[in-house]
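Protein sequences, first through last, are from chains A and B. 258 is the number that the numbering used here gives the last residue of the first sequence; the numbers go up by one with no jumps. 1075 is the number that the numbering used here gives the last residue of the second sequence; the numbers go up by one with no jumps.
Some clues are possibly wrong.
Said to hold, decoys possible - Example chain A residues on the side facing chain B (calculated, C-beta under 8 Å, incomplete): (1) PHE4; (2) ASN7; (3) ILE10; (4) ASN15; (5) LEU16; (6) ALA27; (7) HIS30; (8) PRO33; (9) GLY38; (10) THR39; (11) TYR70; (12) VAL197; (13) PRO234.
These aren't lab readings, by the way, just hints derived from the structure by calculation. Computed from a prediction, not measured in an experiment: that's the story for all the values here. Glycine included, C-beta positions come from ideal geometry on N, C-alpha and C.
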Amino acid sequence: MAEFKTNPEIVKPENLVYKRTEMLTPATMHYCPGCGHGTTHRIIMEVIEEMGVAADTVGIAPVGCSVLAYDYMNIDMQEAAHGRAPALATAVKRLMPEKFVFTYQGDGDLAAIGTAETIHACNRGENITIIFVNNGIYGMTGGQMAPTTLENMKASTCPYGRDIATMGSPLKITELIAQLPGTMYVTRQAVHTPAAVRSTKKAIRKAFENQKLKKGLSFVEVVSNCNSGWKMTPRQANEWMVQNMFPYFPLGDIKVNE
Amino acid sequence: MAKIKGEIVVDTERCKGCEVCIPACPVSVIVMAAGVNRKGYHYAMPSTDACIGCASCAIVCPDGAITVYKKKFTE
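Let's have the full structure, built from the sequences with the hints guiding it.
Written out as structure tokens, the structure is:
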């Protein structure tokens, strides 16, 4: 057992500044060290806690690395078939329109197998929130090429790098759905620095509050690392993400309808 | 003069040693321990008492392993 010394004069409940939210279950997440999923889970739960809507929120877990999201998020969760989270979220929201409904999806789930569900849920303008974690690779199954894999980026199914001529260009699904009239808020964020995490949290809060307005779908993309899939240390992966992912997937709001 | 002092408490068994908190710290307090936890990860720990209690490390920690405290001392 690791020994950890603290100053008892400072470590008192009245001096608490920040602690892990109890909206997350005590379970240790299975994510690799440094994975952005953990941070994203935490800030979603913090938003739900701050809004006081834990009892009125239904989350939809995807298939992929975050398939076990329902084990970590201490709220009502449903598990969707691969890529079908927006369809399930549509059903939940239509049956219980007063609930806050969100899906949590990765790039393989949302932008590959679930493209049809994503685009049509966005086009119908369902009053749900989609949280899309984009790490440019299929992390769970062993680092295969995803629709969002960058040009020349190596993956286990494109070991010489993604060749645009034969494999197509990385899919900017977020820009794509921003063009649909059904979406009211589309943004791209990241979770690699404290400032980025704060900005993402604000975006997620806005995306949840938009559900009350009933004016369409809110979509938050979180550009994340996949240090195991990219074969880097977590810090290297974050630096690589800033240098390579952000030029192609620039951060910021893409569409804001009031 | 009042002085604000912070303190981080790392849940050493939850920490996976990813080191994402190290560049996040504005006063470079955090280092990795030489020892390991039950799972074999080196865990984060403060190296000095220079912590200002800004919670930047806790905000970027993917596993929520860091709890932050802050107290104002008047001399």
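Going through the hints against the structure:
no., hint, in the structure
1, PHE4, "5 Å, holds"
2, ASN7, "5 Å, holds"
3, ILE10, "4 Å, holds"
4, ASN15, "4 Å, holds"
5, LEU16, "6 Å, holds"
6, ALA27, "10 Å, violated"
7, HIS30, "11 Å, violated"
8, PRO33, "4 Å, holds"
9, GLY38, "3 Å, holds"
10, THR39, "5 Å, holds"
11, TYR70, "17 Å, violated"
12, VAL197, "5 Å, holds"
13, PRO234, "4 Å, holds"
Checked against the numbered hints given earlier, the structure breaks hints 6, 7 and 11 and satisfies all the rest.
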